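> So you can see what is in the structure, the chains are spelled out below.
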Amino acid sequence: MSEKKKASMARYLIPLFIFIVLVGFFAIGLNRDPRLVPSPLVNKPVPEFSTASLEQPDRVLDAQLFRQQKVSLFNVWASWCVSCRQEHPFLVEVAKSGRLPIYGLNYKDQREDALNWLGALGNPYTASVYDQDGRVGIDWGVYGVPETFVVDGKGIIRHKHTGPISPQVWQEELLPLIERIENEAG
Amino acid sequence: MNRLRLQSLVLLLLLCLATPAFAIIEVHTFDDPVKEERYRKLSEELRCLVCQNQNLADSNADLAKDLRNQVYNMIQAGKSDREIVDYMVARYGDFVLYRPPMQTNTVLLWAGPFVLLLIGLAALAVFVRRRKSATREPMSPEEQARLRRLLEQRGGEPRS
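Chains F and Y are the protein sequences, given in the same order.
Residue numbers 2 to 187, in the working numbering, belong to the letters of the first sequence in order.
Residue numbers 42 to 201, in the working numbering, belong to the letters of the second sequence in order.
Excised from the complex, chain Y in its bound form (with noise of 0.2 Å):
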């Protein structure tokens, strides 16, 4: 091919190369890695209430910029994970949390999807089982004759 089709084609497979930047918009410095580190889990675990699919750590909404920022300042202030997340809770409520927490309404939606694998598997060795024993039963004398009867009757017929 000639060089300009060469040249195209190379830059078309270069662009491809190019994977989207996995990085927040501001940028928040903290002196302390162990600082830096608790941001970066509480920015995960706490979910952006505008694109509801997304943790505060993705998410390019105005709303998420603004409660990392209220999360980098708490941390700056020496407040706990705990407090940070109870304050979110008390404003938010539990949908904040982007993993549900373990209570007494949410006991179903976490165990429910094992329930349901259980009830799966025991439906599943039922029918297994019964089917087992269908076949498992001899045929009585009659339906072997019967039997012996429409296997010759077929042999003597031409193949349709």
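Just chain F, with the same shape it has in the complex (with noise of 0.2 Å):
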């Protein structure tokens, strides 16, 4: 090939090889989705909180909760919450299985509300906090409702899940990290 042809192949080779850069980065960026903000709270200590519980409004809940087990889950829910109906028979099912403690954060809600919710749809919680201020919430950088929250037993907050919990979260993202934390020592 001759000199002359080899420049000006490589005219068209350059802005090809830009495209196909270009092409790269938006196949991955516009498959995330871009709403999903990421917690900084991940593997730092589980934020403090002392409120009443939404069962049994003269007990008090607060961190301890989560050091009674090895791992649990803490779920934000709320009786007006549309999401939530979707991934709560899901979680019914899994706090039956005895598989980990669910807890609740009842957030911004009214215990009435709340406690119906729970009556017609099932209680998979071992205990809910009764947010109704959102304060809680806030400490826990809950944006939007159903949140997720993995904790293990040091109360060191491991993972976050936003969204419902679907069979296949729970399979591909919760359950191995849940049996990670299991076998850890100590």
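Treat the hints with care, since some could be wrong.
Here are the computed lysine-lysine pairs in the DSSO-like style, where the Cα-Cα straight-line distance is at most 27 Å [to be verified]:
| no. | chain 1 | residue 1 | chain 2 | residue 2 |
| --- | --- | --- | --- | --- |
| 1 | Y | Lys-106 | Y | Lys-120 |
| 2 | Y | Lys-76 | Y | Lys-106 |
| 3 | F | Lys-45 | Y | Lys-120 |
| 4 | Y | Lys-120 | F | Lys-109 |
| 5 | Y | Lys-120 | Y | Lys-76 |
| 6 | Y | Lys-82 | Y | Lys-106 |
| 7 | F | Lys-155 | F | Lys-71 |
| 8 | Y | Lys-106 | F | Lys-109 |
| 9 | F | Lys-155 | F | Lys-45 |
Worth flagging that the hints you see were computed from the coordinates, not collected in a lab.
Model, not experiment: these values are computed from the prediction.
Each of the two chains sits in its own frame; use the hints to bring them together as a complex.
See the structure below:
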């Protein structure tokens, strides 16, 4: 190939190369959900709280809840939350299986509405924190309901899942982590 | 036109003049104008995580209202702007800052557009220079003769 031909070929190859690189970026970027905000609380200790329980108004719940077992879930829910209905039956199943305790954060809700909701749809929560004004939610960085945190027995948040939990999420995202935590020494 | 039509038209025009009220829903009163200014600035510098394209000042979301309350309470409690921002970032991450911070992982975000502009200008300069040098080449004598012949041929033929 002559020098001139090689030079002009390069001129066409450079934009093609740039295009391919851009396509690569778009392929990765466009497949992500732009609304998901990663939590800065992962691998940090649970935020302290001291709030009344939903079911027993005179009982105070705090972060000690999480130290009572090797791993547990902290699920943010509310009776006004439509997506919560989606994941609720699955949560009830998990609770029934006794795999691990699920604690609830009843976020910006009315006690009566929340209790009625649980009465109608089932209660998977070992205990629910009654966070009526959402202050506990702010400390946990809650921005959309439902959200679920995986917390280990040392009170460290290991993972946060935003959005409803489906069997697929459970199988692929949560269960491997839960098993890993359970197998940790100490 | 008749009176009713005229009145309807005037009403329509007046309605078009009604502008949206750029006001935050709840009223937070400050005794100190400095604090009020800080509150205003902070609500504009923090992002609403529900309506992610709005800052706290513009958003009607419940979370935005709660966070504005939080900012208000913290100002009243004597916290500095830095402490309030750190409080939010500790809970929600860097994304809560409406203006991305200048950090190692955001340098590309900030500098990127300027870098691309420079590359574009450089490419343009190269392209223009190449075109200029291309047209500056004089024609060889053979090419000049050929051109003359073609023009004479063309001149003798009817326009198509």
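> Now tell me if each hint is right for this structure.
Quick rundown of the hints versus the structure:
1. Lys-106/Y to Lys-120/Y: Holds. Lys-106/Y to Lys-120/Y sits at ~19 Å (cutoff 27 Å).
2. Lys-76/Y to Lys-106/Y: 18 Å, holds
3. Lys-45/F to Lys-120/Y: Holds, because 24 Å separates the two Cα atoms, which is no more than 27 Å.
4. Lys-120/Y to Lys-109/F: 26 Å, holds
5. Lys-120/Y to Lys-76/Y: 11 Å, holds
6. Lys-82/Y to Lys-106/Y: At roughly 15 Å apart (the allowed maximum being 27 Å), Lys-106/Y and Lys-82/Y satisfy the hint.
7. Lys-155/F to Lys-71/F: Given that 27 Å is the threshold and the Cα spacing comes to 8 Å, the pair holds.
8. Lys-106/Y to Lys-109/F: 13 Å, holds
9. Lys-155/F to Lys-45/F: Distance ~10 Å between Lys-155/F and Lys-45/F Cα, so the pair holds.
Checked against the numbered hints listed earlier, the structure breaks none of them; every hint is satisfied.
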